[in-house]
Structure formats: C-alpha cells, structure tokens
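Protein sequences, first through last, are from chains A and B.
In terms of the numbering used here, the first sequence has 24 at position 24, counting the first letter as 1, and numbering is strictly consecutive.
In terms of the numbering used here, the second sequence has 77 at position 77, counting the first letter as 1, and numbering is strictly consecutive.
These aren't lab readings, by the way, just hints derived from the structure by calculation.
Warning: the hint list may mix true and false statements.
[As the list claims (entries may be wrong)] Chain A regions said to be covered by chain B (calculated; three or more residues, Cβ under 8 Å):
id : segment
1  : 50-59
2  : 63-74
3  : 78-86
4  : 92-100
5  : 111-119
6  : 136-143
[What the hints assert, rightly or not] Think about it this way: if two alpha-carbon atoms lie no more than 25 Å apart in a straight line, the pair counts; the simulated SDA-like pairs of lysine to any residue are:
id : chain 1 : residue 1 : chain 2 : residue 2
7  : A       : 77        : A       : 26
8  : A       : 77        : B       : 49
9  : A       : 77        : B       : 43
10 : A       : 77        : A       : 59
11 : A       : 77        : B       : 52
12 : A       : 77        : A       : 61
13 : A       : 77        : B       : 139
14 : A       : 77        : B       : 67
15 : A       : 77        : B       : 7
16 : A       : 77        : B       : 59
17 : A       : 77        : A       : 114
18 : A       : 77        : B       : 48
19 : A       : 77        : A       : 65
20 : A       : 77        : A       : 58
21 : A       : 77        : A       : 141
22 : A       : 77        : B       : 134
23 : A       : 77        : B       : 112
24 : A       : 77        : B       : 26
25 : A       : 77        : B       : 119
26 : A       : 77        : B       : 64
27 : A       : 77        : A       : 111
28 : A       : 77        : A       : 109
29 : A       : 77        : B       : 83
30 : A       : 77        : B       : 70
31 : A       : 77        : B       : 47
32 : A       : 77        : B       : 78
33 : A       : 77        : B       : 137
34 : A       : 77        : B       : 10
35 : A       : 77        : B       : 135
36 : A       : 77        : B       : 46
37 : A       : 77        : B       : 116
38 : A       : 77        : B       : 39
39 : A       : 77        : B       : 113
Even for Gly, the Cβ is constructed at its ideal location relative to N, Cα and C.
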Amino acid sequence: MRLLASAASGALFAVGLALSGMTDPQRVRAFLDVTGAWDPSLALVMGGAVGVGLLLYGPTLARPRPLLDVQFHLPVKTRVDLPLLGGAVLFGVGWGLSGYCPGPALMSLVTLQPAAFLFVVPMLTGMAAFHAWERSARVRAAAVPLSSTQPS
Amino acid sequence: MTLGTAVGSLVGGILIGLAAWLLLALNGRVAGISGVLGRALVTDGPERDWRLAFLGGLLLGGLVLRVVSPGLLAGTAVESVPVLVMSGLLVGVGTQLANGCTSGHGVCGLGRRSPRSLAAVVTFMGAGMITVMVQRLLTGGAL
Numbered sequence: 001m002r003l004l005a006s007a008a009s010g011a012l013f014a015v016g017l018a019l020s021g022m023t024d025p026q027r028v029r030a031f032l033d034v035t036g037a038w039d040p041s042l043a044l045v046m047g048g049a050v051g052v053g054l055l056l057y058g059p060t061l062a063r064p065r066p067l068l069d070v071q072f073h074l075p076v077k078t079r080v081d082l083p084l085l086g087g088a089v090l091f092g093v094g095w096g097l098s099g100y101c102p103g104p105a106l107m108s109l110v111t112l113q114p115a116a117f118l119f120v121v122p123m124l125t126g127m128a129a130f131h132a133w134e135r136s137a138r139v140r141a142a143a144v145p146l147s148s149t150q151p152s
Numbered sequence: 001m002t003l004g005t006a007v008g009s010l011v012g013g014i015l016i017g018l019a020a021w022l023l024l025a026l027n028g029r030v031a032g033i034s035g036v037l038g039r040a041l042v043t044d045g046p047e048r049d050w051r052l053a054f055l056g057g058l059l060l061g062g063l064v065l066r067v068v069s070p071g072l073l074a075g076t077a078v079e080s081v082p083v084l085v086m087s088g089l090l091v092g093v094g095t096q097l098a099n100g101c102t103s104g105h106g107v108c109g110l111g112r113r114s115p116r117s118l119a120a121v122v123t124f125m126g127a128g129m130i131t132v133m134v135q136r137l138l139t140g141g142a143l
C-alpha cells in the first residue's frame with residue numbers, strides 16, 4: 001500500500017509539473033529573468049502549491065501519525081547554516097543556467113530530448129559524488145580518537 | 001504571460017501541493033525530489049523502495065502525459081553541452097548540500113512554515129535570477 005501511495009503521489013506530481021509549465025526550461029528562465037522579458041506566471045505555481053500546503057499540512061501533522069506508517073519522517077535540521085546557504089547558491093546558479101530543476105528534468109527524460117539527459121546524468125553524478133564524499137568524511141571523523149572530539 | 005498560462009500554472013501548482021500532501025498524509029514523507037532521488041542512491045530496503053516507487057510514478061505520469069498531450073512536455077533547454085553539464089553538476093551537488101530543491105524547500109518546507117526552507121528558497125531564487133542576469137549581460141541581451 002505504501003509503495004502504491006508513493007507512486008500515486010509521484011504520478012500526480014508529474015501531472016502538476018507538466019500543467020504548471022515547470023517542465024519548460026525556457027519558461028523557467030523567463031521567470032528568473034527579472035531584468036529582461038520577465039514572465040511572472042511561474043510564481044503562481046509556488047503560490048498554488050504552498051497555498052495547499054499552508055491549508056493542509058498543519059491539520060495533517062497535528063495527527064499522531066500518517067495513515068500508512070507509524071510516524072512522520074520530517075527533516076530534523078532547523079538551523080540556517082553555511083551548507084544550506086552555500087548549497088542553495090550552487091543549486092540556484094545551476095537552475096538559472098539551464099532552467100532545469102530536479103523534478104522537471106527527471107520527468108523530461110520520457111521525451112528522450114538530449115538536453116534532459118545532458119542535465120540529468122551530471123546531476124546524478126553530482127549527487128552520488130556528494131554522498132561518497134560525505135561518507136568518507138564521516139569515516140575520517142569516526143577515526144579521530146573520542147577524547148579529542150568536541151561535543152557539537 | 002497569458003490568462004491560459006497563468007491558470008495552468010496555478011492549477012499545476014495546486015496539483016503539486018496536493019501530491020506532496022498525499023505523500024505526507026499517507027506515508028508521512030516529504031516529497032522533495034532531490035532528497036528522494038539523492039537518498040534513493042545511498043539507501044536500501046524499504047527506505048529505498050518507497051523512493052523508487054515515487055520516482056517510478058513521476059516517470060510513469062510523464063509517459064502517460066507524453067501520449068495524451070505531447071505539447072505539455074515539448075519544452076527543452078537550448079543551452080550548449082558544457083553549460084548543461086555544468087548546470088546538472090551544480091544542481092546535483094547543491095541540492096544535496098542544501099538538503100532540498102524547489103520541491104523539498106519550496107513546496108513542502110514553505111508549506112510547513114520552516115524558516116530554514118524560506119532561507120533556502122530566497123537564496124536559490126536570488127542566485128538563479130543573478131545567474132540569468134549575468135548571462136544576459138555576457139551575451140549582450142540575448143538569452
């Protein structure tokens with residue numbers, strides 16, 4: 001059931017992305033082009049999505065648990081820190097360069113457009129490289145004797 | 001912007017919000033694409049399976065749309081190969097470092113009123129706008 005629910009959410013997400021115009025990288029770039037021929041319509045995508053969230057997430061999260069699982073799995077980080085802001089800058093520059101963000105790019109693979117593959121393969125490589133680096137950093141940190149580590 | 005594109009964007013946005021709500025209400029999970037994708041690469045068992053199911057649904061939805069309404073997915077990037085590759089690498093590393101992208105921070109995070117997500121959204125939107133502006137300056141007005 002949980003897998004079916006995940007797949008249904010993914011499929012609905014896909015329909016939303018396609019209707020919204022987010023799957024057209026040139027429209028995304030026109031949205032980001034505030035000093036040029038600015039097309040503000042994509043602000044309505046976030047407006048609509050966040051509006052639904054503001055209405056529905058609160059009452060849902062007030063329940064003791066989701067329908068098909070024993071607990072909610074929410075992000076635990078709450079601090080605004082350097083990795084968050086640095087990562088957001090890198091993501092923003094990459095997003096601006098092509099107009100692709102992860103969801104629409106992934107979905108565009110079904111069109112077999114070369115540009116989608118030329119974006120998604122490096123994106124997956126970047127993700128995998130980051131996690132490999134993070135894992136090796138964790139191993140290095142674990143190798144430091146306990147007495148020399150500071151509580152964070 | 002026309003009325004048609006504006007309505008499409010609003011309706012699409014509402015569907016995206018509902019899709020994210022569905023995943024939260026049923027499975028208790030956040031529908032952030034970069035997180036789902038990134039974690040799917042490094043987890044296994046049930047932690048990986050629900051993510052693969054979500055991504056499969058996304059692709060299947062795309063395939064169905066391609067059949068019923070090919071025009072919806074006709075848009076494509078027009079940048080050169082090095083720019084696309086650089087763009088993909090930056091998005092890949094940046095989203096993992098920041099724990100989210102337009103969906104995780106932009107839709108789910110803002111919907112949950114997370115200050116951390118608001119900081120991320122303002123930052124990546126600003127960076128995206130500056131990037132397009134600089135490109136415009138470098139190419140003499142043409143995008």
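Structure-based check of all given hints:
no. : hint          : result
1   : 50-59         : holds (count 7)
2   : 63-74         : holds (count 9)
3   : 78-86         : holds (count 7)
4   : 92-100        : holds (count 9)
5   : 111-119       : holds (count 6)
6   : 136-143       : violated (count 0)
7   : A/77 to A/26  : 33 Å, violated
8   : A/77 to B/49  : 24 Å, holds
9   : A/77 to B/43  : 19 Å, holds
10  : A/77 to A/59  : 22 Å, holds
11  : A/77 to B/52  : 24 Å, holds
12  : A/77 to A/61  : 17 Å, holds
13  : A/77 to B/139 : 40 Å, violated
14  : A/77 to B/67  : 41 Å, violated
15  : A/77 to B/7   : 35 Å, violated
16  : A/77 to B/59  : 29 Å, violated
17  : A/77 to A/114 : 37 Å, violated
18  : A/77 to B/48  : 21 Å, holds
19  : A/77 to A/65  : 20 Å, holds
20  : A/77 to A/58  : 19 Å, holds
21  : A/77 to A/141 : 20 Å, holds
22  : A/77 to B/134 : 33 Å, violated
23  : A/77 to B/112 : 13 Å, holds
24  : A/77 to B/26  : 22 Å, holds
25  : A/77 to B/119 : 13 Å, holds
26  : A/77 to B/64  : 37 Å, violated
27  : A/77 to A/111 : 36 Å, violated
28  : A/77 to A/109 : 32 Å, violated
29  : A/77 to B/83  : 32 Å, violated
30  : A/77 to B/70  : 40 Å, violated
31  : A/77 to B/47  : 19 Å, holds
32  : A/77 to B/78  : 37 Å, violated
33  : A/77 to B/137 : 38 Å, violated
34  : A/77 to B/10  : 30 Å, violated
35  : A/77 to B/135 : 34 Å, violated
36  : A/77 to B/46  : 23 Å, holds
37  : A/77 to B/116 : 8 Å, holds
38  : A/77 to B/39  : 16 Å, holds
39  : A/77 to B/113 : 14 Å, holds
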